[in-house]
Amino acid sequence: MSWFSKFLSSSIGQKVIMSLTGIFLMLFLIVHLLGNLQLLKDDGGEAFNTYAFFMTHNPLIKTISYSLYAFILWHAIQGIRLWQANKAARGNVRYAVAHTRPNERNARNMAWFGIIIFIFLILHLWQFWLQMKMGVLPPVEVEAYDHPVQNLYLPVAAAFQNLGYVIFYVVCMVVVGLHLWHGFWSSFQTLGINHPRYTPLIKGIGVVYAVAVPLGFAIIPVWMYLMG
Amino acid sequence: MKLNLKIWRQGGKYKGEFVTYPNLDVNPDMSFLEMLDVLNEQLVSQREEPVAFEHDCREGICGTCSLVIDGQAHGPMKGTTTCQVHMRHYHEGETIVIEPFRAQSFPVIKDLVVDRSAFDRIIQSGGYVSVNTGQAQDANSIPIEKEQASKSFDAAACIGCGACVAACPNSSAMLFTSAKVSHLALLPQGHVERQKRVLAMVAQMDKEGFGKCSNVTACEAECPKEISVENIARMNREYLGAVFVSDKKMG
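Just so you know, the protein sequences line up as chains B and X, in that order. In terms of this note's numbering, the first sequence is residues 1 to 228. In terms of this note's numbering, the second sequence is residues 1 to 251.
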């Protein structure tokens, strides 16, 4: 084995993969949220459709989005592998009395949160992303371009009129928040970034991030449902 | 006071099961291990097999005693080994569940005794400094800053009991290994070999089949010496440095 594959298969290497892919996904979430916030503009989807066209046609962003798909899969597969390895390391006999401190709950359930998020993601991609990719959405004129673009606003607005889907979406965002609550701090700790001077700051930003980003995503369907 | 004990028995006639010992007469001044001594004396007088458990110094400094008491390694007291837990913390009629440390890399030998030799092999792989033998040099010939020495000592306080592995839902040995890596890397004597050391110790830790740290921090909470997870971050830094910056061979 080369030194690099030895590193990637070591326990620390496997955690570093989780950390770096996780940090990439956290940066992506901010960009995604900024785009989604265009939905709150009361312009019949003009800003959102312009944004959606830009994101799917800019060569640099297209390249980054292919890495994004790869990193999502890498994060998920590596996570499942770690989960299995860690269960095997624990052995078949469990403790008769389980003792979990409240601050450990999110960390202990990362894999479950991850699985729920992955299921949400598949549904999410199938519902919006795939339709955009297949080009089956009706065209609409926007001011920013001299040609019509796909109207992604239509399926989004339709989905957010379904109360069941809105509830499902909000619940999934809560799970994303719990995953991030542990994941943010944890990804820095894994990289060895732990220091009395800035660890409190990292933890603080992590909590703000874990609350604000999922909340931002969750507000949109609730708002659009209420505004009908 | 009377207490009920529910103890994991394994080996001999027991195939790995809980056995309840009701109404044990316990003096509140006893230590936890003294209570087990009393139980064993009763069992011997009844011609029963005594409960096997490990102990040595009974002063909280050797790391020999183990036990998971009501779901917590070394019992409910913070920063305390099992031998330093006293029965005055329990109430009349309480049932205490006593289990061995559970991890694939810590197989149960008998009852509450587990094989922790995996830790010895991690130490053998790199938990040492190489020095020429000869006359001991003057104690102050290598100046060490007080804060640095204290930090190293905080890590060196690890007694290698294995509570971190027992507490971790992943049975990860990273708190132990990182304490040893930190303790030596922070001192000039250990600084020289630090890259070689961290590569070898992490490789051995992985070979022993311990799980991978997911920063749950249960280890820090249950460690009888309150070793900080800061050491795990330091070990990760040391490891990344050794892999990407040094020319040392990967283990």
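There could be a bad hint or two in this list.
Pulled from the structure, derived: some chain X residues nowhere near chain B, Cβ distances all over 12 Å [what the hints assert, rightly or not]:
# : residue
1 : Met1
2 : Pro28
3 : Asp29
4 : Ile61
5 : Thr177
6 : Glu208
The calculated lysine to aspartate or glutamate pairs, modelled on EDC-like cross-linking and capped at a C-alpha distance of 20 Å, are [to be verified]:
#  : chain 1 : residue 1 : chain 2 : residue 2
7  : B       : Lys6      : X       : Glu94
8  : X       : Lys207    : X       : Asp154
9  : B       : Lys6      : X       : Glu49
10 : X       : Lys78     : B       : Glu104
11 : X       : Lys110    : X       : Glu54
12 : X       : Lys196    : X       : Glu147
13 : X       : Lys6      : X       : Glu49
14 : B       : Lys203    : X       : Glu220
15 : B       : Lys203    : X       : Glu230
16 : X       : Lys249    : X       : Glu193
17 : X       : Lys6      : X       : Glu59
18 : X       : Lys110    : X       : Glu17
19 : X       : Lys110    : X       : Asp56
20 : X       : Lys13     : X       : Glu41
21 : X       : Lys78     : X       : Asp206
22 : X       : Lys151    : X       : Glu193
23 : B       : Lys87     : X       : Glu49
24 : X       : Lys151    : X       : Glu226
If you are wondering where the hints come from, they were derived from the structure by calculation, not from laboratory data. Everything numeric in this text was worked out from a predicted model, so none of it was measured. Yeah, the Cβ is synthetic: ideal placement off N, Cα and C, and Gly gets one too.
Far enough from chain B: is every CB of that chain over 12 Å from the CB of X/Glu208?
Violated, since 9 Å does not exceed 12 Å.
Run the distance test for X/Lys110 versus X/Glu17: straight-line Cα separation, threshold 20 Å.
Holds - the C-alpha atoms of X/Glu17 and X/Lys110 are around 12 Å apart, at most 20 Å.
Has the given pair, X/Lys207 with X/Asp154, been kept, meaning a C-alpha gap of at most 20 Å?
violated (27 Å)
Holds or violated: X/Lys78 and X/Asp206, Cα atoms, limit 20 Å.
violated (29 Å)
Within a Cα-Cα threshold of 20 Å, do X/Lys78 and B/Glu104 meet the stated pairing?
holds (16 Å)
Against chain B, does X/Pro28 keep a CB gap of more than 12 Å to every residue?
Check passes; 22 Å lies beyond 12 Å.
Are B/Lys6 and X/Glu49 close enough, with their CA atoms no more than 20 Å apart?
violated (47 Å)
Between X/Lys151 and X/Glu226, does the CA-CA distance stay at or below 20 Å?
Since the Cα atoms of X/Lys151 and X/Glu226 sit roughly 13 Å apart, the hinted pair holds (cutoff 20 Å).
Checking a non-interface call: every C-beta of chain B should be farther than 12 Å from the C-beta of X/Thr177. Is that right?
violated (10 Å)
Given pair status - X/Glu193, X/Lys151, alpha carbons within 20 Å:
holds (19 Å)
Would you mind confirming whether the straight-line C-alpha gap from X/Lys13 to X/Glu41 stays at or under 20 Å?
Between X/Lys13 and X/Glu41 the Cα gap is close to 19 Å, so the pair holds against 20 Å.
CA of B/Lys87 to CA of X/Glu49, is that 20 Å or under?
Not satisfied, since the Cα-Cα distance of roughly 33 Å exceeds 20 Å.
The earlier numbered hints that this structure contradicts are 5, 6, 7, 8, 9, 12, 17, 21, 23.
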